[in-house]
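Colleague: Spelled out, the chains give:
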Amino acid sequence: MKKAAARLYTFLMFLFLYAPILVLIVFSFNDTETASRTVWSGFSLKWYQKLFEDRLILEALRNTLIIAVAAAAASTVLGTMAAIGINSMKRLPKRVMMNITNFPMVNPEIVTGVSMMLLFVFAVGLFGGRSLGMASITAAHITFCLPYVILQVLPKLRQMDESLFEAAQDLGCPPAKAFFKVVLPEIMPGVVTGMIMAFTLSIDDFVISYFTSGTTQTLPIYIYSMTRKRVSPEINALSTVLFAAVMALLIVVNVRTAKARGQAKEERR
Amino acid sequence: MKTNSKLLSAPYTVWMTLFIILPMLLVAWFAFTDRSGAFTLDNILSVGQYSNVFLRSIWLGAVATAVSLILGYPMAYIIAKLPAKRQSVMVMLVMLPMWMNFLLRTYAWMTLLEDNGLINAALAALGLPRAHMINTAGAVVLGMVYNYIPYMILPLYSVLTKIDPSVIEAAQDLGANDKKVFLKVVVPMSMPGVISGITMVFVPAVSTFIISKMLGGGGNLLIGDLIDMQFLGSAYNPNLGSAISLVLMVIILICMGIMNQFDEDGSSQEGGLML
Amino acid sequence: MKKLSLFLTLALFFVLAAPAAYAQDAPDRGVTLNVYNWGEYIANGTDGSMDVNAEFTRRTGIRVNYTTFDSNESLYSKLAGGGADYDVIFPSEYMVSRLINEGRLAELDFANIPNFQYVDPQFRDPNYDPGNRYSVPYTWGVVGIFYNTDYIEEVTSWQSLWDSQYAGKILMFDNPRDSFAIAQFMLGQDVNTTDPADWRAAADLLKGQKPLVQAYVMDQIFDKMENGEAWIAPYYAGDAAILVDNSDNIAFAVPEEGTNFFVDCACIPITASHKREAEEYINFLCDPEISGANMDYVGYSTPETAAREYLSPEVVESPLHYPSEETLSRTQAFVNLPEDAAKLVDQLWAEVKMGGPGESAVLAAIILGFLAVYVAIIAYKRRKRRRELR
Numbered sequence: 025m026k027k028a029a030a031r032l033y034t035f036l037m038f039l040f041l042y043a044p045i046l047v048l049i050v051f052s053f054n055d056t057e058t059a060s061r062t063v064w065s066g067f068s069l070k071w072y073q074k075l076f077e078d079r080l081i082l083e084a085l086r087n088t089l090i091i092a093v094a095a096a097a098a099s100t101v102l103g104t105m106a107a108i109g110i111n112s113m114k115r116l117p118k119r120v121m122m123n124i125t126n127f128p129m130v131n132p133e134i135v136t137g138v139s140m141m142l143l144f145v146f147a148v149g150l151f152g153g154r155s156l157g158m159a160s161i162t163a164a165h166i167t168f169c170l171p172y173v174i175l176q177v178l179p180k181l182r183q184m185d186e187s188l189f190e191a192a193q194d195l196g197c198p199p200a201k202a203f204f205k206v207v208l209p210e211i212m213p214g215v216v217t218g219m220i221m222a223f224t225l226s227i228d229d230f231v232i233s234y235f236t237s238g239t240t241q242t243l244p245i246y247i248y249s250m251t252r253k254r255v256s257p258e259i260n261a262l263s264t265v266l267f268a269a270v271m272a273l274l275i276v277v278n279v280r281t282a283k284a285r286g287q288a289k290e291e292r293r
Numbered sequence: 010m011k012t013n014s015k016l017l018s019a020p021y022t023v024w025m026t027l028f029i030i031l032p033m034l035l036v037a038w039f040a041f042t043d044r045s046g047a048f049t050l051d052n053i054l055s056v057g058q059y060s061n062v063f064l065r066s067i068w069l070g071a072v073a074t075a076v077s078l079i080l081g082y083p084m085a086y087i088i089a090k091l092p093a094k095r096q097s098v099m100v101m102l103v104m105l106p107m108w109m110n111f112l113l114r115t116y117a118w119m120t121l122l123e124d125n126g127l128i129n130a131a132l133a134a135l136g137l138p139r140a141h142m143i144n145t146a147g148a149v150v151l152g153m154v155y156n157y158i159p160y161m162i163l164p165l166y167s168v169l170t171k172i173d174p175s176v177i178e179a180a181q182d183l184g185a186n187d188k189k190v191f192l193k194v195v196v197p198m199s200m201p202g203v204i205s206g207i208t209m210v211f212v213p214a215v216s217t218f219i220i221s222k223m224l225g226g227g228g229n230l231l232i233g234d235l236i237d238m239q240f241l242g243s244a245y246n247p248n249l250g251s252a253i254s255l256v257l258m259v260i261i262l263i264c265m266g267i268m269n270q271f272d273e274d275g276s277s278q279e280g281g282l283m284l
Numbered sequence: 382m383k384k385l386s387l388f389l390t391l392a393l394f395f396v397l398a399a400p401a402a403y404a405q406d407a408p409d410r411g412v413t414l415n416v417y418n419w420g421e422y423i424a425n426g427t428d429g430s431m432d433v434n435a436e437f438t439r440r441t442g443i444r445v446n447y448t449t450f451d452s453n454e455s456l457y458s459k460l461a462g463g464g465a466d467y468d469v470i471f472p473s474e475y476m477v478s479r480l481i482n483e484g485r486l487a488e489l490d491f492a493n494i495p496n497f498q499y500v501d502p503q504f505r506d507p508n509y510d511p512g513n514r515y516s517v518p519y520t521w522g523v524v525g526i527f528y529n530t531d532y533i534e535e536v537t538s539w540q541s542l543w544d545s546q547y548a549g550k551i552l553m554f555d556n557p558r559d560s561f562a563i564a565q566f567m568l569g570q571d572v573n574t575t576d577p578a579d580w581r582a583a584a585d586l587l588k589g590q591k592p593l594v595q596a597y598v599m600d601q602i603f604d605k606m607e608n609g610e611a612w613i614a615p616y617y618a619g620d621a622a623i624l625v626d627n628s629d630n631i632a633f634a635v636p637e638e639g640t641n642f643f644v645d646c647a648c649i650p651i652t653a654s655h656k657r658e659a660e661e662y663i664n665f666l667c668d669p670e671i672s673g674a675n676m677d678y679v680g681y682s683t684p685e686t687a688a689r690e691y692l693s694p695e696v697v698e699s700p701l702h703y704p705s706e707e708t709l710s711r712t713q714a715f716v717n718l719p720e721d722a723a724k725l726v727d728q729l730w731a732e733v734k735m736g737g738p739g740e741s742a743v744l745a746a747i748i749l750g751f752l753a754v755y756v757a758i759i760a761y762k763r764r765k766r767r768r769e770l771r
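Chains as they are written, first to last, in our numbering: chain U, 25 to 293; chain F, 10 to 284; chain D, 382 to 771.
None of these hints come from the bench; they were simulated from the model. Quick caveat: nothing in here was measured; it's all calculated off a predicted structure. The C-beta atom is built at its ideal place from N, Cα and C for all residues, glycine as well. There could be a bad hint or two in this list.
If you want a taste of the chain U side facing chain D, the calculated C-beta under 7 Å gives, among others [said to hold, decoys possible]: (1) I49; (2) S65; (3) K118; (4) V120; (5) E190; (6) T239; (7) M250; (8) K253.
Heads up, simulated DSSO-like pairs for lysine-lysine below, C-alpha to C-alpha not over 27 Å straight-line [stated by the list, open to error]: (9) F:K189 <-> D:K762; (10) U:K27 <-> F:K90; (11) U:K283 <-> F:K189; (12) F:K193 <-> F:K171; (13) F:K171 <-> F:K188; (14) F:K188 <-> U:K118; (15) U:K201 <-> U:K74.
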């Protein structure tokens with residue numbers, strides 16, 4: 025009974041989460057002259073064709089992916105290090121650090137965006153540069169991703185048994201090796217969740233990217249800039265491709281781990 | 010692990026000072042000055058005329074957060090009970106919709122919710138009466154819940170996986186039925202996650218701006234729209250925009266402070282906000 | 382698994398990073414122009430159109446870094462904040478006048494823009510750029526009313542947007558100047574008035590309309606009109622022309638009280654680092670063949686009669702794209718408003734959208750209320766702890 029209820033709930037929740045995605049995907053195949061998102065006029069692949077002909081969109085996509093990967097990686101590393109450091113602080117400095125860490129989350133995005141833009145402009149002027157670009161966007165993204173990473177890793181650190189680390193060192197491990205072999209596997213779920221969150225936040229960020237991007241174009245900016253004329257179903261096509269790619273990756277990963285588990289079982293027999 | 014690990018957070022401290030504290034000071038500076046740079050309280054005082062926007066935003070944000078919590082908690086619980094390998098896949102699947110562009114997802118909800126939209130078409134086909142869903146406050150809450158529920162589910166899941174099963178067994182051994190175990194053991198132990206989740210949902214919900222434009226019909230002005238109008242309106246007014254943000258921040262910090270008081274054993278003090 | 386995903390990621394990067402290979406006739410001059418234009422506002426080579434930017438690079442060897450924005454105000458925010466080194470920008474007429482007043486535009490050297498000769502006389506020396514020193518018109522159009530002929534017989538006046546018969550099916554612009562302009566035309570005001578009383582009267586009219594309005598939208602009008610969700614909406618002619626062309630039940634009308642006439646212009650910011658090349662770019666856009674090919678894709682109207690030869694005859698003859706002289710005589714263009722007027726407009730617009738101004742007292746009460754709850758909880762806990770310790 026409980027399992028059936030759990031299954032039903034999961035199904036309903038995923039229906040809720042994915043209903044708009046399905047609509048999105050279906051309308052990417054819409055054969056419409058007016059780029060309609062509500063009236064179905066037949067099946068067509070023309071938006072996919074248009075997508076691959078459009079230089080600008082692919083360039084924007086490339087920029088977005090580069091920034092997202094860089095920001096996710098950097099914020100994960102920096103955030104994990106910070107979490108470890110914060111975890112071992114005394115009560116007061118710990119509180120202060122946590123307060124400040126939460127500032128980017130507490131602020132409306134547009135304020136963060138504009139204030140960072142002003143800061144960067146000032147800094148760029150100081151160093152004699154001319155314009156903001158990929159570097160400034162990445163820095164801004166890392167900044168707003170960090171709190172999320174830290175908030176995912178910190179609880180895991182607190183839950184971990186300190187004595188494990190000490191035991192490893194007692195057994196002769198240098199601290200760095202002890203970290204990688206003992207601490208990291210324990211906090212890995214938190215680190216991975218943090219990294220996924222950071223990537224997600226970065227890939228779809230519009231407001232902060234807009235103000236700190238200078239003359240660089242990212243995908244959300246490109247899409248939002250279409251809102252005066254029409255957000256063309258090209259974007260639907262792009263999202264569908266992205267979705268399909270990630271799903272494929274997930275399936276591949278799942279199949280391989282299932283195979284590995286199956287092989288391990290075989291070997292044990 | 011103690012002495013040199015504190016140094017590990019040094020790069021972060023530097024980063025933080027540069028990219029979080031300095032911009033914050035800039036915001037505060039803008040809030041209290043006018044265009045020419047002279048000190049003035051005008052901006053802060055003129056925020057008062059937008060009080061009903063604040064009321065509406067806080068109300069809708071609170072409702073959206075509560076709904077996310079109620080809907081997200083069972084989901085997090087279910088995922089936490091799955092075998093470990095399945096868990097990461099499920100987490101990915103929950104996050105995946107967020108990788109699709111925000112604007113597109115909101116458009117898709119419009120397609121679903123409109124009077125001539127897909128849901129109403131389905132209702133009509135089943136012979137049920139049509140429902141007017143679009144351009145209402147309810148649609149805005151729906152949009153908020155949809156966009157932020159993964160940020161509620163993830164911290165809850167994170168916390169629920171680490172609840173020591175032996176504590177639950179002990180409670181059951183002492184005679185508690187499932188409901189009591191849940192209410193008296195699981196819920197209090199998951200409070201840090203609840204607070205984390207509420208923080209990650211309430212704040213963006215209160216300051217979001219596209220959702221109310223598209224699903225609320227533009228007549229349900231929220232604080233996010235208001236601030237957006239200051240920076241992207243007829244008059245470029247970063248001073249008023251910063252003032253509104255400052256007031257919003259104060260309100261949010263007080264709310265977080267209240268919430269943290271519900272964390273009895275202070276275990277989220279290290280992970281939560283100040284106050 | 383890690384290796385596979387790494388490989389896939391790298392493969393994806395290489396695919397995306399491969400630069401578009403097009404035959405370069407002119408040698409690369411080592412200059413990259415930063416162009417900042419509206420989204421979907423240039424022919425980009427899809428749907429069989431000419432890739433204008435690629436053609437420019439082919440002819441001159443100057444590379445183009447083309448980025449897009451969604452509104453004049455976003456453009457202004459970026460320029461005012463600094464940190465973006467644009468060479469060519471495309472503000473609308475009122476933004477042009479604002480930028481000129483603030484000294485943010487560079488004077489154009491028309492010796493480098495010989496193709497300006499093709500621009501029609503009525504677009505030269507406009508009210509937003511006296512002396513025509515800073516801008517070159519790129520496209521133009523008018524605002525009109527789109528309506529669903531299944532439900533609405535005929536529209537001749539802005540009054541139709543206030544018609545309670547269509548309650549809940551009316552859309553309005555989601556930006557202050559366009560919406561206020563509609564009210565101002567109905568009241569017979571000058572859309573660039575600086576009299577606060579005028580603006581307040583217009584705001585009252587809009588507030589009265591609010592209960593009838595389904596939503597304040599920008600590009601959502603396309604979807605909403607097409608599937609019959611809304612029946613009547615004002616919008617820019619060029620944009621929504623595609624609606625009229627593709628639906629048999631949507632029509633367009635320019636109201637008799639007059640309407641807004643807008644021009645999007647090419648300008649060069651004063652901070653541009655490649656002014657000469659920017660002028661070459663603008664000159665290229667003024668070439669009638671290019672302008673025609675561009676407008677064919679974008680759907681707006683070209684300011685050059687010579688360019689009309691490159692457009693299809695239905696478009697040239699359509700009153701939607703090229704309204705008659707008589708219609709044009711009833712139009713007004715926006716000019717930048719002085720600061721206090723602009724602030725008033727913003728404030729009134731917020732009032733219209735949020736339903737009346739609020740009270741500072743309420744806000745203070747909210748904050749104090751929360752503070753009181755917080756203090757109460759802490760006091761309660763302290764008392765509890767003290768009791769427990771006894």
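Colleague: Would you mind marking each hint as holding or not holding in the structure?
Modeller: Against the structure, the hints:
no.	hint	in the structure
1	I49	17 Å, violated
2	S65	9 Å, violated
3	K118	20 Å, violated
4	V120	20 Å, violated
5	E190	30 Å, violated
6	T239	4 Å, holds
7	M250	4 Å, holds
8	K253	4 Å, holds
9	F:K189 <-> D:K762	25 Å, holds
10	U:K27 <-> F:K90	11 Å, holds
11	U:K283 <-> F:K189	41 Å, violated
12	F:K193 <-> F:K171	16 Å, holds
13	F:K171 <-> F:K188	20 Å, holds
14	F:K188 <-> U:K118	36 Å, violated
15	U:K201 <-> U:K74	52 Å, violated
Comparing the model with each numbered hint stated earlier shows that hints 1, 2, 3, 4, 5, 11, 14 and 15 do not hold.
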